[in-house]
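> Chain by chain, the residues run as shown.
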Amino acid sequence: MMKVQIEVNGKETSAEVDDRLLLVHYLRNTLGLTGTHWGCDTSNCGACAVWLDGIPVKSCTTLAAMADGASVRTVEGLEGDALDPVQQGFIEEHGLQCGFCTPGMMMTARALLDQVPDPDEATIREAISGNLCRCTGYENIVRAIRWAARHEAAAREQQSAHEPQGAAL
Amino acid sequence: MTATETPAAQTPATDSPARETLTSPAGNPLGFGRMLRKEDVRFVRGQGHYVDDLVLPGMLHGAILRSSYAHARIVSIDTSAAEAHPKVKAVITGKILETLKLAWMPSLSGDVVAVLATDKVRFQGQEVAFVIAEDEYSARDALELIEVEYEPLPAVVDARRALDSDAPVIRDDLEGRTDNHIYDWEAGDAAACDEVFANAPVVVAQDIIYPRVHPAPMETCGTVAHMDKVTGKLTVWTTTQAPHAHRTVYALVAGLPEHKIQVISPDIGGGFGNKVGIYPGYVLAIVGSIVTGVPVKWMEDRSENLMSTSFARDYHMHGEIASTRDGKILGLRVNVLADHGAFNGVAQPTKFPAGFFHVFTGSYDYPAAHCKVTAVYTNKALGGVAYACSFRITEAVYLVERMVDCLAFELGMDPAALRMKNLLRPEQFPYTSPTGWEYDSGEYPRALAEAMRIAGYDELRAEQSRRREDAKKPGADPAALLMGVGVSFFTEAVGAGPRKHMDILGLGMADGCELRLHPTGKAQLRLSVQTQGQGHETTFAQIVSHVIGIPPEDIEVIHGDTDNTPFGLGTYGSRSTPVSGAAAAVAAQRIKEKARVIAAAALECSVDDLEWEHGRWFVKGDPSQGKTIAEIAMAAHSSLELPEGVEGHLDASVVYNPPNLTYPFGAYICVVDVDPQTGAVKVRRFIAVDDCGPRINPMIVEGQVHGGLADGVGMALMEVIAFDSDGNNLGGSFMDYLLPTSMECPSWELGETVTPSPHHPIGVKGVGESATVGSPPAVVNAVLDALQIRAADMPFTPAATWRALQGRPLRPDLAIE
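Protein chains in written order, with our numbering: chain A, -12 to 156; chain H, 391 to 1207.
What the hints contain is simulated information worked out from the structure, not anything from laboratory work. All the given hints hold, so there is nothing to weed out.
Covered, in the sense of this in silico footprint (three residues per stretch, anywhere, with C-beta under 8 angstroms from a C-beta of chain H), are these stretches of chain A:
#, stretch
1, 20 to 34
2, 56 to 63
3, 74 to 88
4, 123 to 136
C-beta atoms are modelled at their ideal positions from N, C-alpha and C, and glycine is treated no differently.
Isolated chain H, as found in the complex (with noise of 0.2 angstroms):
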């Protein structure tokens, strides 16, 4: 086979490498190390367990009629043909939710969402009425039966007229509200940034669009409900990345008592931000069981998914960077322009409107930093939830990495070059950025040189000057391909708390955790964060493997279960690993004390006569004298007699309120070959070299780097969800919105340097978002280079590329000239 095989992967141990060679009696890794994913042997066999999988005896089915228009007053509704349909029962209407107080609902950052519209509908593919009927095939005939009539009004579709002072307001629901706007929010210092930009010599200016894009998970988001009425107990199957923040919202905003609701999360296919949010349709489908007394199902098709359930990005961003001549950066500076869509949904941290974007200031050394963001509402879906983004660090790294290739283009320096002049250096850690971020731990140029190295960097840079002057030549083939390389180098702030910084609709960004170890030493371990193919199962079997030394085969992660989990807000922005990894570590290091104390007692022996080897404890001196983890098990629920104040069992339960975020990065190259005649790109190789700190089980990391990567190829050459003047949306579909295939992804080429993070319990960083955060600057600065011009906005198609290399660059969010 042809794809490269990465480098194998470093001995990641951060306290004992020894041990780690280690194996159970199934030959897994005790703790850290590659290790086949637990949850796999269903997968291939067809037998994961994913929402619409559920079928409940009397089950009914819903269906979401929704508005052609994206924006038009609602005149009238009438659903009487449809609930004439023989096997229609029922048909809730705005209308109908008003009377139950249900038609409105808090979004993740202090706005309100329609459940269904009531006065107007904001957005094309916004939902006006809710079906329910005995099959899904007759659910959706109803709503060919329902008549609405709309009074069309002009909508706001290019944010950059969103504050005209004739621009229709939008969100007249709100009282008061007589304009588009949501919110400035600014960081940095800008009179001293504006000082340092006044006597730069270099100052270079770009505008910048990040487009709107969609996660788009292979599954789509559904929900089935039952409210059991003889009972009073509410059960959600749901796909949902944060299972029990769901739970919390849906007390507050049903009025329901917390502890008779149970929000399950099965087996989820794939999230990456899309399944954070609460949407119209998990409410319509609780709704629809108290009405009806039975469960109900509404599962989304592709397009309701593409066209309602969130999106990411759309960010119009105008930097500004000033160096030295020789290309010493001295600042940057942005003003954002961000596109809310109809509703403000973002998920954010309460205190940070924009999430993280003000972590923009990237991976460099300068003192000068000012960001301002100014948020509007269009008639577009609502959104900023995510896109494997971290917070919008997806849209922060994008604009620090774009302005210094900008910035190297206008000195005619070498990008990679920039880019090593200007890192941070090991010795400034822990650092802090000129907008506040406390970065933990960083080997900068270790990463750049690794990655270069791999690349073959020099190499590269004289193949594309001889391919350069044989273009020259006289009789040079027209038709010969444009080669560029593009470099990009990231820093990441994931695991979101601390709680006294972070909360979501004042939920503290904290997370719960619990290992039971059963009398046989076999163990259960309780998460609040929900996989979605990130693998949870078997690496946190590793991560307490690692701790108390029991095989990761013996232990059972349980999660996606509120009835069965500790609360915590959930798997996304990357922080499952730092957060509740954390936890589980912790945990794992209670019991381990725990087992000493009773270790001690079964010994008779002093805690301090004994010493630890990996799963077990034993007496110094004499290591036949010893208790493993197993026996100190049973024994800790025997009849043995323990210290005073010391429990029975070998339990704990954990809240892990992370001290600070924790810092990945990673630096990368891409190369790319462009047809002048047809404006194709090709990814001809992508080298990438990740720090997460050490790995808890290296394939899972590549696994996870190999996925952002490839949406790092689709956000720069295909995604995009664009409208036209009216309002609709031209990427309602997979034939409309593309995503990349196996061809249009090279073998991807990994690298990685481990630097531990100083504050976590095992030094592990997160890696989820790591390369969907990094990879899209170094796709575009490789089409440009190739290009050889300074600006233009992704995505890369054919037809963009284009116009590009003729000096027409398209603008890519609308399909207006």
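Extracted from the complex, chain A is given alone in its bound form (with noise of 0.2 angstroms):
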């Protein structure tokens, strides 16, 4: 046994676990953060998908003593004030059916998107090509991304046309 402190989504957690536990299970029974899924183990369906300090790691296959000391950030951190452009993305452009792997799904997404702002379709194929999806067939999932993309954009575009007014104030 060995005592964990790991940051989850912005908050302090700490708890004695069994040394070989897995993130996905500190996240999921520990901390009770069922949105994280597990599917595989072997870290090829991305199910598990998390950010262990800013980058997308499978859980599955994560310890977490290995996250002693790090910050992590789940589905359930993704909202802020409202949706994250991802998730709106993936309802408006049907980037989901069952949503088992969403969760997974979308945290690779958004760390695309924090890396490449507008991405093309390729580099979107490319980056959730460690993330299987067996309902959408990916279409949607490309759409979504895309979407959540443009509307980025957008709202970016919207904040530097009201600074300089800003600024005048």
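Hey, can you piece these two chains together into the complex? The hints should help.
Here it is, written out as structure tokens:
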């Protein structure tokens, strides 16, 4: 047993855990954050994808111990005052059906857009190629991520349009 | 973005197109039309509620010890060390289950299935013991402490050897059983077919394997069972596509009173047929809760899912097609060897042991057809459950679409032209097929022409000719990609019953539905079917809205809970919209008619004086005098005096027994580029024209098609569960059983035609499995067209494609040369 301290979605968490406890089980069972799903055991499907210090990882093959002292972000931490544009994009473009791969897929998508704000289709397809989806054939997931990129670009434009005015005040 | 936009949806209303432009206060269509899904808000927040998310006070965790052998006698099982584990609460073996008469349970097709092995193990991964512990890690630790002594037996791995006289008998548990034969079944007129073939100018024969594949939903199977000893009530939260059927089976298997069993199917992370059957793990969780007195959770891991819970296909087919020299098809016959694994657990209507395979005559006009199916036991997991297969129509469509391409190859004809020449014509509908199916409606040439138009078929063939000419020139690039174009046309038969012809375990395939309007005009719709991602909460609200005009956001769809929904057989075989969708439409129509009577009472006029506009009855000639459905709902619950014989409230309850199946169809074209040096296949384009009748929610329909097309690419290019000569499963993880990713899938190009079903109340046909059924032959035909060879079996992995190019095609189902 060992004690871990992990910042999860901006909140400090801490628990005595089995040395071999997987991060996905820490999140789901210890903390009750069941939005992160478990799908394959072998890092293939990505249903368990979360951010570890800002980088998407497969939490089914990451030990909770490896996240000690680190910060983790899960699907429950995506939403701010409103849904994240990625979440809204998945709704608008029918980017999900059964919803099981969706949290991991959105965490990967959010990380992509933070790095590449205006990705083309090929870039998106490559970025999500470690996340399996059995329902959508990926088409609408690509569209959902493009939706989020477009809306974030529009929001940035609006913000920069307002900035000079704000400075004058 | 470069993703191809799909064409605008045609207005699919069947009786009053104009009103579909009406929208609700929330901006949703009052009826059919694109509408965002009601269920998505919880899913994108990570607030979906799946079985594995459930935690109950005092809940224990189960894990299953599985056989490492494909075929072995169990000499002894020593559980003492496992029982001594400090966190283990119980260890259950087959011997213990025997004392409870629970060691065996009925399969879905008249056989029995071992819950835990007692005498022998019959496939690698079979359930041998069940450990219940305080947590999942301890339960799995304790599995390592169980000592099983096996006496290995020779395994039957190759279905073609299963009936050999010296083949070991797998099912010696069945009295009098001396071989591995399960059944012979045939359809069509063999004699008439023989005569046609004897006189046919052209006959082409081909062996075709549809290998074993797995539905592999992203969520594996699992159950939380809670037997409340005080009330005697058993609650089972489980991954099931058919909660009511499961409840009845639990009552029959365990002798529990059915009214004391509640089956809850919460959010389901994909099903595709994998969650139709009842698996030993479900029963073991129930037994575990009965034994320990507290809730028990069992969730399988991915390897368990791929090795033990259902498989699909495994059809070894020998097809023969007869035609004239100019390509008029005269007949088709096929012999099938069906590998059912160690137990016959197929989920099929009782009368049809090979499912709907005898719809194999497909979409073409010819008089002679015959099929014979022989099913055998092998030392593999039980199955034939499904993989979005529409009761074996996947295999049937694959057969006919491959045979038509083989014929085109031999005749030197264009495969699209050959199909066009032979497609059933619109005036032939309703059409009775040579094997007895009555196709309800179809306009096949229009769909194929539309697919060819979207694809730019002639230009594709011109490009292919150019490339082939270039490749023949001196100094041509040996690495130049080989271009292939594949065509398929499919006819589906979905929406089972009618109940007099179709049942599973004696339960007729009809489905109930209850629609209840509250006094304020909001509604609850209770369904027997269960979504696994298809969007029922949205689509079914739109069906009700279509009929009675209340906003879809005011209609709550309740499903997946046997205590709170009417009985029905569940969601598989694309039957939700054809059957339950019809039930919902009929319930809404009854509400609408009752509303008319109540409106007449409230307006003090005759019902004949009333006219309907969407959502409102009004007095003919005086539209200001009228009542909306919401006003009528309030009146129905008020003290208003109603005509004699009219009950208060505004509810309707329907059991819908479909008069026939519905017959969606479609035309698919796939374009591939094959690297001749590596064998890698790239799907360049995929064009899918689907006709599923009017589209309730075009967005959801397109999503269903997209998913099925990805299935087709997966099966054609990478998905297979093969076995070695000892019966070891070689597809037991996602490292071995490959699913298509975003990189293998192209940007789908969709089109549609709309041919309403004449017998469905709102004309719709179901679409959930169309693309899975129709797409594999299109991809395979394209690859073979690129290679310019007549036949080789999928999946076309790079190695398999390369070997096919060298003239040494692989057999995909066995890792045996």
